[in-house]
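Chains as they are written, first to last, in the numbering used here: chain R, 4 to 121; chain W, 296 to 406.
Any given hint could be a false lead.
[What the hints assert, rightly or not] Some chain R residues near chain W, calculated using beta-carbon distances under 10 Å:
#1 F37
#2 S46
#3 H111
[Unchecked claim] Here are the computed lysine to aspartate or glutamate pairs in the DMTMM-like style, where the Cα-Cα straight-line distance is at most 20 Å:
#4 W:K337 <-> R:D114
#5 W:K393 <-> R:E55
#6 W:K337 <-> R:E25
#7 R:K44 <-> W:E340
#8 R:K44 <-> W:D378
FYI, nobody ran anything at the bench for these hints, they're computed from the structure.
Predicted model only: the values in this text are computed from it and were never measured.
Cβ coordinates follow ideal geometry from the N, Cα and C atoms, glycine included.
Listed here are the chains, written in short residue letters.
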Amino acid sequence: GAVVSQHPSWVICKSGTSVKIECRSLDFQATTMFWYRQFPKQSLMLMATSNEGSKATYEQGVEKDKFLINHASLTLSTLTVTSAHPEDSSFYICSARDPAGSGGQPQHFGDGTRLSIL
Amino acid sequence: QKEVEQDPGPLSVPEGAIVSLNCTYSNSAFQYFMWYRQYSRKGPELLMYTYSSGNKEDGRFTAQVDKSSKYISLFIRDSQPSDSATYLCAMRWAAGNKLTFGGGTRVLVKP
Numbered sequence: 004g005a006v007v008s009q010h011p012s013w014v015i016c017k018s019g020t021s022v023k024i025e026c027r028s029l030d031f032q033a034t035t036m037f038w039y040r041q042f043p044k045q046s047l048m049l050m051a052t053s054n055e056g057s058k059a060t061y062e063q064g065v066e067k068d069k070f071l072i073n074h075a076s077l078t079l080s081t082l083t084v085t086s087a088h089p090e091d092s093s094f095y096i097c098s099a100r101d102p103a104g105s106g107g108q109p110q111h112f113g114d115g116t117r118l119s120i121l
Numbered sequence: 296q297k298e299v300e301q302d303p304g305p306l307s308v309p310e311g312a313i314v315s316l317n318c319t320y321s322n323s324a325f326q327y328f329m330w331y332r333q334y335s336r337k338g339p340e341l342l343m344y345t346y347s348s349g350n351k352e353d354g355r356f357t358a359q360v361d362k363s364s365k366y367i368s369l370f371i372r373d374s375q376p377s378d379s380a381t382y383l384c385a386m387r388w389a390a391g392n393k394l395t396f397g398g399g400t401r402v403l404v405k406p
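Generate the whole structure from the sequences, applying the supplied hints.
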């Protein structure tokens, strides 16, 4: 099946540092990728839609200067949490839309990145 | 009221039983319906994917969509302890990109 790889799986860093998370589609070209945030025992909250070669579209309430998204190629999108603080600690998950997927181009998810800010 | 409602559970069943999960939704524009399985500290894994109304079967999994009632279901036959996870329903418009998720149902299959 379609595979989306996310790296790193877990990162711990000090308050004030910036953290970059990578999301790669391994066996298909993804013109559209998505970044989600998930709090414990809650569902996924869409943060932004990342389109290859153009600016990301952020959901209401998500700070675009805080969460920088770059989708420079058809297989790679990155999320950079800038000047991270403890309240940014969360589980971040990316997904990629498979344009060749049967039916309506399903989204496939990475395994998530657990971010802990001390 | 949320666009997609899903009972959070937990739903506890003995091994071998049928697991029955469902979601209701309010937006009749949704055309694509998905079920994802999420293990603890992992990303969601796509299980089933259906378009409009009808049934779809894949191994032990059966997905049903009833658009007239705005109700979707997932059935897991011959449940195994490895099926213990959180199950998320998701749906989107025909021309849309975004998925709207239910809150997830936690399932426990006891040996």
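Any hints this thing doesn't respect? Which numbers, in order?
-> none
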